[in-house]
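Going letter by letter, the sequence shown gives residues -19 to -1, 1 to 582 in mature numbering (1 follows the signal peptide of the UniProt record, and there is no 0).
These are computed hints drawn from the structure, not numbers from a lab. Any given hint could turn out to be false.
Derived lysine-lysine pairs resembling DSS-like cross-links, with alpha carbons at most 25 Å apart [what the hints assert, rightly or not]: (1) Lys214 / Lys191; (2) Lys277 / Lys337; (3) Lys252 / Lys223; (4) Lys177 / Lys191; (5) Lys255 / Lys214; (6) Lys36 / Lys260; (7) Lys5 / Lys36; (8) Lys424 / Lys390; (9) Lys62 / Lys533; (10) Lys177 / Lys325.
Simulated restraints on C-beta separations [said to hold, decoys possible]: (11) Ala23 / Asp107: 51 to 61 Å; (12) Thr310 / Ala188: 43 to 53 Å; (13) Ser282 / Glu180: 30 to 40 Å; (14) Gly257 / Pro91: 31 to 41 Å; (15) Glu187 / Lys277: 14 to 24 Å.
From the three backbone atoms N, C-alpha and C, an ideal C-beta is built for every residue, glycine too.
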Amino acid sequence: MKHSLIALSMAAAAFGAQATSPTKPMADLIYFGGDIVTVNDALPEVEALAVKNGKILALGSKADVMRLQSPDTEVVDLGGKTLIPGFMDGHGHVFNTGIQALAANLLAPPDGEVTDIASLQQTLKDWYAKAENQQHGVVLGFGYDDSQLKEKRHPTRQELDAVAKDMPVLIIHQSGHLATFNTKALELAGFSPDSKDPEGGKIRREADGKTPNGVLEEIAFFGALMPMFAKLKPEENEVIFKAGMDLYASYGYTTAQEGRASTSAVETMYKVAKDGKLKLDVAVYPDIQVAQSVIKPPYLSDVYMNGFRVAGAKLNLDGSPQGKTAWLTEPYLVPPEGQQPGYKGYASMSDDDAAKYVELAQANGWQLLTHVNGDAAIDQLIKAVAASEKKHGKADRGFVAIHAQTARKDQVESFNRLGIFPSFFPMHTFYWGDWHSDSVLGKERASHISPTGWARQLGMIFTSHHDAPVALPDSMRVYYATVNRISRTGREIGPDQRVTPLEGLKAQTLWAATQYREEKSKGSLEVGKNADMVVLSANPLKVKPETIADIKVEQTIKDGVTVYSRATATHTAASGCAGSDKCAKVAAVAMAGAGMLHHMH
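Based on the provided sequences and hints, a complete structural model is requested.
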């Protein structure tokens, strides 16, 4: 009876008709036959759900919802699978994830096969041996991780020379904050023993203290990379963008984020959306330092245009903890190569510049996402927000601290006081938990990375993210790490910071919708909200928490339309490609981008 009243009254309220009237709206789609988890505390689980015009029409008992069936209604039996709200990307880079789908896969297990420098070299050689990857004369790889290599160090330029000596070889670190170039790539990018470290970046050197060893950090790397991709043609950028969306959809994301967009990337995404509705909703945050020209209408909007909107701006205040460039208040346990004991990383900019950009965002009403990994960078953000508040008031800024991995408890309390929304990165507990404990932070500090437990103690909500292409946009791996905090080797990383499976699910659905300020239309299965949904192979609230990562995304549904089906997909876990012709095309695009190294100087 309770389900009956809920289903019928909700349908009537949503469409202004009496549910028992002959003119009641009929459903386009009805789902039943499995667990339907709403992530709505008022009605946590129902037997059936109906969709009309891309919106949720009704929820309740199967008997009541089936009354909305007409001869044209598609009825879907879940067959024991589980329906949940679509995943929303707390933070990631859907555009740049296209590059991950295109380059040689240098990830360590379980996402790749690179375990040492020899296997890295062989993977690059195998990738370049494919005909479609040879036309531009550049070898491009993504995802190597010195913490996971047997040698526990970055490759040298000479080791990349062994892959190809007379053409540039460029491999991007999994953090996205460093890269290694071979000798030819260094030469083409203009690096020499006379090159000076740029502000906010470092050129690592050989034993003579002068010759670049191939490893470039932060601005030194970005300064070489950005001109390369800025010269991509619009049609090449479009292929990259669509490859990123394909990969996101395969992991159940119905709302994606491009969390640090260039002007050209914004223009590309906007054009693709104008030409036709995007597969997913994509919220874009242009770099506040270099892309202010697109943080305005028609790009900037509270509503989506065919699935696209610029939602705010992005600020970057430091680097990567696993890459040992994040800015800390206490030294790294083991300093990186070329640094002395006491090394704490470094800032991306001065306190004055940070304050200037924070105030600019608040003065313009832009939602600001700020990359802060180290606690010194978090201090800088807190100081800047507090200063801006004194001038402009608190209001509803919607500011988000991205990663906040080494946040101290007093800093989480400051987030709460200042209304800064934390988007944490618990996947680090799986991928780099051992590295943080043994080399980066030490056991005590490592146990508190991404302190979701402290946030919940204060009654705060948060999101959990993947930061793709830093990691694959694997929704279930994010979920698993948030709930379990177990490293690749089985080590517990701060069990006191764990949250419940329901809280972990909310961090990727309802709480994510709140971060985007879209909770009225997304994040839970409720009448009138978008029919953004995911079909899972099992119910994550009922399985053993340590098996959550084994759950498969069976189907991704955006506005009532299936945009991914595991049953018909041909993509692999390491690639967004969906067929040999497409793979060849996107690989060629990546090479076209890498080939721009030849024209940088």
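Verification of the supplied hints:
Taking the CA atoms of lysine 214 and lysine 191, the gap is near 36 Å; set against the 25 Å cutoff, the hint is violated. Of the supplied pair hints, the one linking lysine 277 and lysine 337 holds, its CA atoms being roughly 19 Å apart against a limit of 25 Å. Among the hinted pairs, lysine 252 with lysine 223 is consistent with the structure: their alpha-carbon atoms are about 12 Å apart, no more than 25 Å. Between the alpha carbons of lysine 177 and lysine 191 the distance comes to roughly 9 Å, so the proposed pair stays at or under 25 Å and holds.
Among the hinted pairs, lysine 255 with lysine 214 is consistent with the structure: their alpha-carbon atoms are about 18 Å apart, no more than 25 Å. For a cut-off of 25 Å, the pair hint linking lysine 36 to lysine 260 stands: about 16 Å separates their Cα positions. Distance hint between lysine 5 and lysine 36 is fulfilled; the C-alpha atoms sit about 15 Å from each other, no more than 25 Å. At roughly 16 Å between alpha-carbon atoms, lysine 424 and lysine 390 fall within 25 Å of each other, so this suggested pair holds.
A C-alpha spacing of about 10 Å is found between lysine 62 and lysine 533, which places the hinted pair at or below 25 Å, so the restraint holds. The straight-line distance between the Cα atoms of lysine 177 and lysine 325 is roughly 21 Å, inside the 25 Å bound, and the hint therefore holds. Under the hint 51 to 61 Å, the C-beta atoms of alanine 23 and aspartate 107, about 54 Å apart, fit the expected range. Between threonine 310 and alanine 188 the CB atoms are about 31 Å apart, so this pair departs from the stated range of 43 to 53 Å.
Between serine 282 and glutamate 180 the C-beta distance comes to about 34 Å, which sits within the given range of 30 to 40 Å. In this structure, glycine 257 and proline 91 meet the distance hint of 31 to 41 Å, their C-beta atoms being roughly 35 Å apart. One distance hint, 14 to 24 Å for the beta-carbon pair glutamate 187 and lysine 277, is violated here, with the actual separation near 46 Å.
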